[in-house]
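Participant: Chains as they are written, first to last, in the working numbering: chain A, 1 to 492; chain B, 1 to 492.
Hints were generated in silico from the structure; no laboratory data involved. Just so you know, these numbers come straight off a predicted model, no measurement behind them. All C-beta atoms in this analysis are idealised placements derived from N, C-alpha and C, irrespective of residue type, glycine included. Mixed in with the good hints, there may be bad ones.
[Unchecked claim] Facing chain B, according to a computed beta carbon distance under 8 Å, are these residues of chain A, among others:
| no. | residue |
| --- | --- |
| 1 | S29 |
| 2 | A30 |
| 3 | K38 |
| 4 | E46 |
| 5 | V91 |
| 6 | V92 |
| 7 | V109 |
| 8 | L119 |
Number of protein chains: 2
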Amino acid sequence: MSKKLTSRAENYSKWYNELVVEADLAENSAVRGCMVIKPYGFAIWEKMQAELDRMFKETGHQNAYFPLFVPKSLFEAEEKNAEGFAKECAVVTHYRLQNDPDNPGKLRVDPNAKLEEELVVRPTSEAIIWNTYKGWIQSYRDLPLLINQWANVVRWEMRTRLFLRTAEFLWQEGHTAHATKAEAITEAELMNNIYATFAENFMAIPVIQGLKTESERFAGADETYCIEALMQDGKALQAGTSHFLGQNFAKAFDVKFTSKEGKQDYVWATSWGVSTRLMGALIMTHSDDHGLVLPPNLAPNQVVIVPIYKNDEQLDAITEVVNGIMKDLRAKNISVKYDNRDTYRPGAKFAQHELQGVPLRIAIGSRDLENGTVELARRDTLTKEVVALDGLIDKVEGLMTEIQDTLFNKAKNYRDNHITEVDTFEEFKKVLEEKGGFISAHWDGTAETEEKIKEITKATIRCMPLEGKIEKGICVLTGRESARRVLFAKAY
Amino acid sequence: MSKKLTSRAENYSKWYNELVVEADLAENSAVRGCMVIKPYGFAIWEKMQAELDRMFKETGHQNAYFPLFVPKSLFEAEEKNAEGFAKECAVVTHYRLQNDPDNPGKLRVDPNAKLEEELVVRPTSEAIIWNTYKGWIQSYRDLPLLINQWANVVRWEMRTRLFLRTAEFLWQEGHTAHATKAEAITEAELMNNIYATFAENFMAIPVIQGLKTESERFAGADETYCIEALMQDGKALQAGTSHFLGQNFAKAFDVKFTSKEGKQDYVWATSWGVSTRLMGALIMTHSDDHGLVLPPNLAPNQVVIVPIYKNDEQLDAITEVVNGIMKDLRAKNISVKYDNRDTYRPGAKFAQHELQGVPLRIAIGSRDLENGTVELARRDTLTKEVVALDGLIDKVEGLMTEIQDTLFNKAKNYRDNHITEVDTFEEFKKVLEEKGGFISAHWDGTAETEEKIKEITKATIRCMPLEGKIEKGICVLTGRESARRVLFAKAY
Chain A
1 MSKKLTSRAE
11 NYSKWYNELV
21 VEADLAENSA
31 VRGCMVIKPY
41 GFAIWEKMQA
51 ELDRMFKETG
61 HQNAYFPLFV
71 PKSLFEAEEK
81 NAEGFAKECA
91 VVTHYRLQND
101 PDNPGKLRVD
111 PNAKLEEELV
121 VRPTSEAIIW
131 NTYKGWIQSY
141 RDLPLLINQW
151 ANVVRWEMRT
161 RLFLRTAEFL
171 WQEGHTAHAT
181 KAEAITEAEL
191 MNNIYATFAE
201 NFMAIPVIQG
211 LKTESERFAG
221 ADETYCIEAL
231 MQDGKALQAG
241 TSHFLGQNFA
251 KAFDVKFTSK
261 EGKQDYVWAT
271 SWGVSTRLMG
281 ALIMTHSDDH
291 GLVLPPNLAP
301 NQVVIVPIYK
311 NDEQLDAITE
321 VVNGIMKDLR
331 AKNISVKYDN
341 RDTYRPGAKF
351 AQHELQGVPL
361 RIAIGSRDLE
371 NGTVELARRD
381 TLTKEVVALD
391 GLIDKVEGLM
401 TEIQDTLFNK
411 AKNYRDNHIT
421 EVDTFEEFKK
431 VLEEKGGFIS
441 AHWDGTAETE
451 EKIKEITKAT
461 IRCMPLEGKI
471 EKGICVLTGR
481 ESARRVLFAK
491 AY
Chain B
1 MSKKLTSRAE
11 NYSKWYNELV
21 VEADLAENSA
31 VRGCMVIKPY
41 GFAIWEKMQA
51 ELDRMFKETG
61 HQNAYFPLFV
71 PKSLFEAEEK
81 NAEGFAKECA
91 VVTHYRLQND
101 PDNPGKLRVD
111 PNAKLEEELV
121 VRPTSEAIIW
131 NTYKGWIQSY
141 RDLPLLINQW
151 ANVVRWEMRT
161 RLFLRTAEFL
171 WQEGHTAHAT
181 KAEAITEAEL
191 MNNIYATFAE
201 NFMAIPVIQG
211 LKTESERFAG
221 ADETYCIEAL
231 MQDGKALQAG
241 TSHFLGQNFA
251 KAFDVKFTSK
261 EGKQDYVWAT
271 SWGVSTRLMG
281 ALIMTHSDDH
291 GLVLPPNLAP
301 NQVVIVPIYK
311 NDEQLDAITE
321 VVNGIMKDLR
331 AKNISVKYDN
341 RDTYRPGAKF
351 AQHELQGVPL
361 RIAIGSRDLE
371 NGTVELARRD
381 TLTKEVVALD
391 GLIDKVEGLM
401 TEIQDTLFNK
411 AKNYRDNHIT
421 EVDTFEEFKK
431 VLEEKGGFIS
441 AHWDGTAETE
451 EKIKEITKAT
461 IRCMPLEGKI
471 EKGICVLTGR
481 ESARRVLFAK
491 AY
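Please model the entire structure based on the sequences and the hints provided.
Facilitator: Pasting the structure below:
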């Protein structure tokens, strides 16, 4: 069924690309840089969506839907935002194709169907949404406005990789409006917190919450909060961002409100998003040379049961027992799939479920029936044990928590062991080269130094962590004063 | 809060447009023909999505995601499909904007960033999906392939109306592949059945299942099944379609499979979809001059509770009782919202919930607390009654079913009373003019006659019903032989 994957040690990047395709998560499409998310990969994304959506709604947010297209005149209204996205956007210029007179059977753009104003396919929706909010916000009674959108966006990236960086990707984008600056900042922090909670409790990925430097901020934001994760190859991955947008968009789109006291003021804004990029983080944090490893909280099938039989009579007897197990597991909200396909042998099924990261496999053969046992195989540890059918449900329930915790702790140990404090640039380069991970170093706070370090080492400032001690020091590159350590890393 | 709506009798079309905006369902955007779906409207759509998604998954379908863009060369591969959609598609020709040297602060398309091949924003995804299926299908073991996608699509319609016909709309599109023609036809019928069940059980809209005539078929289909509903103004609305695509796309994209017997053959296909257009059907079927009327099975809030109080002490006492009611209603899976906003008076809240179609309103005042009563107001019948707090939960639970049934039966009575058999063209025109609705008439089976009737009366053949007697007769227009009656109507 599946060919052996390239090992991580041999070629991490190749391992990732092969795994994504072989585990049936996604594949490249006929459209440059755009991916097809296959059913198994999409089922994981759906589980992520469901949890995030629940968390958004529990904190008072509502979903809505805004247009895919942004007229050029709106796109360019907030200058920094426009500048940030203009270089990589898909532009609709025509609204019709016609038969190509020079190529029978082929079509061409109809030159008479040129749009008066070009439409940008949304790379992010602040412009179209703030233009809409102008009509929705008049008074303090209309605030706060807490809205989220699940949507596709397009950024014309030149170098793409499945899930990590694609021309079209799926995401959610929250866009909120507030009466005060303080409330908007609290919102931006709250949503970054929700992302961190989601990453840790569901994805089993430890993250560092922090602030971006000015040069790494979202185009149009006054402050960008982020969650940063560390992959197994020592590279960091920005897993989510939450922006305090100040009054930038309110001013660009003239969105004012009347306060209780009858005073007019511009509205304060946030936006925040996570995308299918999270799939890349999930894969690269836990998976191994055998394939995908999924935390139970996001696995489409937490348990798979494979019958081992020689004839229909044996299969029938096994199936009867399996039906009882499935009923009991489902009663405990554990998702289970019975893989009784007769077109594949058990060995091929085992290989597929291992490759696809099903947390727990249960195999039941005729001898098991006689002995009142089943065989359990954990995907995370690749260990097997024979256990009694009696007590199986509690055992499996316990394992779901144990596997989830094991994955998180393993990732956290790795991450914690890969945060290195350095005080010289030599050390900086040596650690980056030999060990990778986050480097905690002093920086003089200038964009020039940040850029120079990036040029020399390819490491960027991932964030200024929100937690931990703030100590003064001297910049590793320039020797100038530094107000605090920041985290550097090479990043996806 | 809300201005009075134009009445249906005065101007049905205006009534609809006003209602959609006033009830906070959707509004027009800055992009020609594209709508913004507002949070309340989107919450209804989310309920529809959840139910449909459950029904699709229960019948073995999986979700996936395919690219937004279709390269022109793929778009034109299936000739009829291309011809059907070429005239109204958005075309991406460039991938970058740049500063406009002639207009400081403005952007323009970068002439150096022209795509080698134009990309069509998907009007439907058969082309991109069948090009993908080519890589997924080799053997009978890969079949059936049962995939659905929730997505946005763009059709450059010239005359648009909120929900009913918009340039961008949201929908689901199922795309399945099968080993045999019979299996594909069964699938197309199954999905049309699911649409009918959903429409009747959740939307409370009676529908007629039927087949489209050749001229009304989906471009590229061999057969199109549909569900047709009737609106209150006597016009029909196509609420969903399910297509048997034959081997047309398999041939256009060269998708073959090897059978168990080792024989190669092209794959058989279906596609099927419903869209945000359903929102239009829902609104126009049940709503009245006071605003939206929602069936309980799709209402974001099935019950709203409004406290009537003069001071905080009264409010606290009411709130305590309300908390108990909410807990008990939620335990019965009845969604309830406590509208305790202090920025609006009870009258304004009543008006808003009436306008927004909340099925049941409960008002509780201080005197109610003394008497152990509450006031119930049904949105469908606009009737009020005072009932005992004791037994309230069961009463509300019963009303949810009763309101759902009442709406369906009312719509069904109207629909059934508006199917008229006619045998002459004079009668045809008279009924169409004076009564509207479906006209069951004989037709000679030719596209010419169909077109001519459309030209004269604006009525089209909505479908050839799957159920009911098949009787021969003579065509109302030409007097030629007719194999069966078909249903004509003016339609949205």
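Participant: Which hint numbers doesn't this structure obey?
Facilitator: Checked against the structure, no hint fails, so every one of them is satisfied.
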